[in-house]
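So the protein sequences, as listed, match chains C and L.
One rule links them: number in the working numbering = place in the first sequence (from 1) + 923.
One rule links them: number in the working numbering = place in the second sequence (from 1) + 8.
Treat the hints loosely; a few may be bogus.
Claimed, not checked - Derived SDA-like pairs (lysine to any residue); straight-line CA-CA distance at most 20 Å:
1. C:K1501 / L:L462
2. L:K837 / C:A1022
3. L:K855 / C:A1022
4. C:K972 / L:G686
Said to hold, decoys possible - Stretch-level coverage of chain L by chain C, calculated; a stretch enters the list once three of its residues show a Cβ under 8 Å from a Cβ in chain C:
5. 228-238
6. 500-512
7. 743-752
8. 863-869
Derived by calculation from the structure, the hints in this document are not laboratory data.
All values reported here derive from a predicted model rather than from experimental measurement.
Virtual Cβ for every residue (Gly too), placed ideally from N, Cα, C.
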Amino acid sequence: MKKFFYILLLVTSLGGLVLSGCQKTYESVPLGQQTTLDLAFDSRDSLGKQAMSYLLTTYAQSFYSGHNRVSGNYMDAASDDAISSASGIPAVQAIATGAYSAASPNADDQWARDYAAIRNATVFSVYINRVPMNELLPNGQSARAAYRSEARFLRAWLYFDLLKRYGGIPLLGDSIRQITDNIQLPRNSFSDCVNYIVSECDNIKDSLRTAAMVNSSTYGRITQGAAMALKSQVLLYAASPLFNGGNIDGSNPLTGYTSFDGNRWKLAADAAKAVMDLGAYSLMPSFNDVFVMQAAPVGTNTESICWMQTGNDGHGVETNNAPVGYTSAGGNGITSPTQNLVDAYSTDSGYAITDPNAHYNGNNPYSNRDPRLSLTVFCNGSLWLNRSVQTYDGGLDKPGGSVQQTKTSYYMRKFMGAFESVNSNPPSYSNTCHDFIYYRYAGILLNYAEATNEFSGPSADVYNVLYALRKRAGILTGPDNTYGLKQGMTQDEMRVVIRNERRVEMAFEEQRFWDIRRWKIAAQVYNSAPLQGLDIQLSSGGQIFYNLVPVLTTIFRDPQMYLYPIPYSEVIKNNQMKQNPLW
Amino acid sequence: MNKLIIFLLTTLALLPGLAFSQARTVTGTVKDANGALAGATITEKGQPRNAVAADEHGKFRIVLRGGTNTLVVTYLNFQRQEVNVKREGDVQVIMQQSTQGMEESVVVGFGKKKRITNTGAVSSINADEIRDVPTSSVQNALAGKLPGFFTQQRSGQPGHDASDYYIRGVSSLNPDGNQPLIVVDDIEYTYDQLAQINVNEIESISILKDASTTAIYGIKGANGVLVVTTRRGAAGKPKFEVRLEGGGQAPVRTPKFLDSYRTAQLVNEAYKNDGIPPLFSQSDLDAFKSGSDPYGHPNVNWYKAINRPYSLQANSNLDISGGTSNVKYFISGGAFTQTGSIKNFSTNTDGVNSNYFYKRYNIRSNLDIQATKNLSLRLDATTRFGDINQPYAQNVIGNIYDFSKIHPYSAPFINPNGSYAYAFDTQNQLPTINAQLATQGYSRNRRTDFNVLLGITEKLDDITRGLSLIGRVAYASVEQNTLTLFRGFPPTYHYDPRDESYHLNTGVSTGGYTYGTYRTLGNTDLDNQRTNVQIYLNYERVFNTNHHVTSLLLWNQESYRVDEDATGAFEVSGQVPQKYRGYSLKLGYDYKQKYLIDFNAALNGSDRFQANKRNGIFPAVGVGWNLAKEDFFAKALPFANLFKLRATYGVVGSDVALGNQYLYNQVYNQGLVPYSFGQSAQPANVISEGALGNNNVTWEKSKKFDAGLDMNLFNDKVSVSADYFHEYRYDQLVTPGNTPLILGIGVSPSNVGITVNRGFEETVTYHDKVGQVQYSVGLVWSFAKNKIIYEAEAAPRYPWLAVTGHAINQPFGYKFIGFYSQADVNDPKVAKPVGSVAIQPGDLKYKDLNGDGFIDQNDITTIGKPNLPNTTIGLPIKIGYKGFDASVMFQGAFGYSLGLKGTAIEPFQGQFQPIHEKRWTPETAGSAEFPRLTSNPTTINSPTNYNSDFWVINAYYIRMKTVELSYILPRKWLPLKINNGRLYLSAYNLFTWSNVSKKYQQDPEVASNTAGDAYLAQRVINFGLQLGL
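Looking at chain C on its own, in the form it has when it is part of the complex:
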């Protein structure tokens, strides 16, 4: 029996040891990985610290910088304004040549990204109500309402980002769906989507900060002007031919309005006018400063309304896109603007180069041009880092061989700091602000001019907008103060002028790619002739020969490609999801 006692002792002590030793590390409730909803939106946090972090994610997930966004290239390299200098077939070129399908979406497919960000924005806008924030705006309104409206702005902006790609898309509203909820949702009509985005903009605009309320710590937040600018942009698209009267699938409410309504241009014009009437924004005196200066009131940039904030983020734009001959400063010259774009710039007297009055000289093509040309495109002979750009065959910036270099004899200049002449030796770049601007005042003016011309013809208001833009660009006033603009144009003539003005003013700002679609001219733009560049030869006598060369044959399947395909995977997962026509 004694033995049995020992055994009992052994068993109990061993068991006791084990249990006491392990109980502490064997929590019945897991302790790690417990950042949950209650912590993110804390009902005890009057500062809303975690919630503010959450909102930052929403910004970061929603906005993207367009600088070298698509496979290292600008989206505009998929339009007729530029091509990529990269070898092989960069993804951006696959868009211009139609090399995509529903199963292999193009590189700009934003479906998954945008819907992830939309959910994020909805989560914030719903749950922020749990957080008892007591911060107030300078005008005494609740800051929490402003933050909530920022998230709702981002969501509206994302729906527009989807709308211009895919047509009508599923609108998810304010519900935060869980695994068990029905997510087999149908697409909403194009009209519903426009109405929803516009009503969101209208609903939030008064609770947002005005541009003047922004201070150095809230710099970069969405303001009232941004919401109104988004509304202007959405209504402009909605009134445009692709959706208003030119629906590629006639009676399909997903791909556009099923009938034309001229009044939509009126709504677009009014929305743009509303931004202009705010009086908060104005054109910058210098075209280049628009892209490298921080926005007012903290910075000096009075033109920027809504942008993706990157700040003084270095010189990535310069090194990615500057001519390749600047080895010490760096330059990968990935963007090759086309001759098509260069030809769109007028002379400095405001006449198109095809106009006999322009006195354009094909043997000295870059002199006396619209000053925006040299601030947008590096041409052979442009000044950069204390020397002339050499894009003739064998020049420093077009050396031949396998190194990535221009395919058109042009490089992109826009968005770069003013590094024409620098003091450093060897010449180098300094950190520059590269905020990517979505909406700026010049764009709003162009929206207004276009919508007004379409609704009621070329009124004096339309002319005034163009005068203002051309004046700021540095185009000569001309003897009759018309900046080279023909007086008494017809609506059609004015349309051509406005579209060209938009092209040259907004080049590389992710406008042209969408503009040629909403104007429903993409088939003609892409399919009429190959894109062109120059082959520049320098004779031993110093004479320069400019030879036009085709650089890329673009392909646009009309009318299929006016809208992106809904990703194939999304269509097969959801019975309700209708594919776009012909995909």
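Use these hints to put chain L onto chain C, whose structure you have.
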């Protein structure tokens, strides 16, 4: 076993009486491959009662009474031997391990089972059989030896060469969900830990394959279990054993690249196809051909320039074992070193070793203490530590294959003035490979494993006979840190022989004018601990000599904390501990070893699931019938010693799934985004929503059925084990593929996947002897095939796009139907890829499955088979003659596919290879084996963009996996007190036959879809000496 002892005792008791009869006395020694064998039984033939046992030195003395002059030597787990003793003198008997004797025990979970009474599907191997295989990782040595064991050795890099392995193939859709559980001395190990263990410390290895044997592991048992037991001491004088081995390694196959001349020709041809002016003039080509300008027109075979033909490895082990009746010990130390395949480029001045190498030291002490009559203790302590070294520029030897990094004509090996050159004609302009290796430093991974196990066994015979209580506490830790010694690129120059000028590299890979100084960076990148406590009651008893009962009741708790940083760049980050708790039950009964029944069950919990979904019961039952024990059967087939039918069925589980530790929780992620407000934007901390939790999530389950036959025929000369299995794996934790993206957030895995896995296995061994020559031949054959029944896949547009219905990891791609001809190119009706580079004659032509006139994603379908072989075979052949032993094992794998891309095969990405000379040209259109050459990486000819069955080939290989020759040295040759000695020569991966080599220059076991620049698989030839005293 009991019978044997009784038999022995009685014979011994009779001995003194027998000694008086007039007879000859024979003395001798019994040995096995490892030296003296204590305890063998020596019986005079024809006189079954005249038997003696060998003493602890294997010596015996027997007085012959009959006239056969023949001794029969028997010992458990060894082959029976008859020895003719007509001649006078000392008799040396060398025993051969028997495979699959029916009394042989196999290790199963928490105990052992005799082959005769086992109902489950278990294969086991005595570690003696693999101890001579010259490889650092146990799993490599097991290839082909065990039925149902599938291996793939992906790399030959020292320290990283351990094979991936699976038991009965794969059946889970979970990428991580197919790893077998590894149990060493009843404690769980990780894959990495197993690769570190020294084979010399191992006693036996078993794999448990069916539900009956794995059910006690419950929630961790679904992928099979690999059970390792380590060696322990036996009572006796101290036994010292030393094994010293050294050998050379060389790649199984070396890549062949074209020289500069032929490369330049092909480059020109490709450029011509692409409409680009030729890169090389005729005079360039002439210079390459004649080699007249070694600096202006270099011709370097970078593979040969960097690698040496062989590298070395050495392995030393010392064991001491022995003990008294109260304390037994096994103490062992080992050192394993392996050098790398590249030449030594380190300079004399700094001596920095940037070569690959592996050094590993193992120490183990296994103690058994009999404290009282009933109480015994065991204390096992083991540690493993070592370094894995590799060049700082991690994939620098991959550059050898990479045409974009270096061409054969890029640069000379070294400039005439002794400075380093760089690949000036490439985009990155990297220094030459030798320059990087010589100057950039190393990355050295240091790892320390420590395990300790304390066990207490109390016999509770007082309560009831056969009952014992066992408790164990085990602790295992691994710490791994990486020391990096590095500096930037060296100064490199391009030498121009025309004016004998040197041009400094000022491009992106510039090293400036001077060498940088070395810097160091140290990081702990893995730190994990596992604590395991087990308490169990064991009961085993025979009632009325016929009723044999075994049972086990186990309580088991484990906490595993793994802190790691996958990138190796940061300090480790803490992870949530993983917790398990469970109860297991084992019940076994057999009647006269004739009718067998086993019941196993586990009640397990994993904290990955919600409390009410946490605990599961995993039951399994096994039955067996030893037909050979039936009289009718014994009469009808008297040659069958063992004929057993067995079947098992049960459920086991797995909680492995991607995602966070607590799958039911929605966890909000914390992170850093480069976004903030205010004038100067700084990255800021953010919170975002994580994958949606799933309250219903629970473990994955597998219903396993196994039917088997064990057979020993003709005096155990032939032994056969065969199994058929069927596994239905359901509730698999996979992320549903039909959740629309508009949800906007990821979802946790759900219990939706279903697969079926079926197959056969067979082991056949035949052993016999002719005169003094003993031999055995065997066949180990395994086949496993799986199929996806359901995985919540969205219904695809065309049926051929569906993954469901095919094997797990089935490759998809285009169907190759020839090369485009000029007529095809001109014919708009011939389908062409949408929007791609314009098709040219000689491009790969694929089938337009949906007939829409375009080749696009809708035209892909199943091509070939998964990368994991569905069939493996092993063919072991052994011959023994006196002290000589020879064995060879062939191992093969069939029924798998391999496709490589990028640097492995694509022109201008990889180096030009002989197969590129068989490209399509208008002249060779009929016989081409490769598409037309192009420098454009995005054409239809690129497997990266258009994977197809032109690239994914159905593969097989057969290797002469191991060869071993050994000789037991006669005692008289041995000096000093050395008791036994053995010399052996062993080889690994000696020859390989494979159809892979027709297309790819890589080893047939490299991972599919890779760039094929893995460290080359190695062939090893090794010489060893084993001494014991």
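To see whether the hints hold, each was checked on the structure:
1. Taking the CA atoms of K1501 (chain C) and L462 (chain L), the gap is about 65 Å. The hint is violated against a cut of 20 Å.
2. For a cut-off of 20 Å, the pair hint linking K837 (chain L) to A1022 (chain C) stands: about 19 Å separates their Cα positions.
3. In summary, the hint linking K855 (chain L) to A1022 (chain C) is supported, as the alpha carbons are separated by about 19 Å, within the 20 Å threshold.
4. Restraint check: the Cα-Cα separation between K972 (chain C) and G686 (chain L) comes to about 16 Å, which is no more than 20 Å; the hinted pair holds.
5. Proximity of the region 228-238 of chain L to chain C, defined as three or more residues with a beta carbon under 8 Å from a beta carbon of that chain, is not established by the 0 residues found.
6. Counting residues of the region 500-512 of chain L whose C-beta sits closer than 8 Å to any C-beta of chain C gives 0, which falls short of three, so the coverage hint is violated.
7. A count of 8 residues in the region 743-752 of chain L with a Cβ less than 8 Å from any Cβ of chain C is obtained; the coverage claim is therefore met, three being the minimum.
8. Coverage of a stretch by a chain is defined here by at least three residues with a beta carbon nearer than 8 Å to that chain's beta carbons; for the region 863-869 of chain L and chain C the count is 3, and the condition holds.
Comparing the model with each earlier hint shows violations of hints 1, 5 and 6; every other hint is respected.
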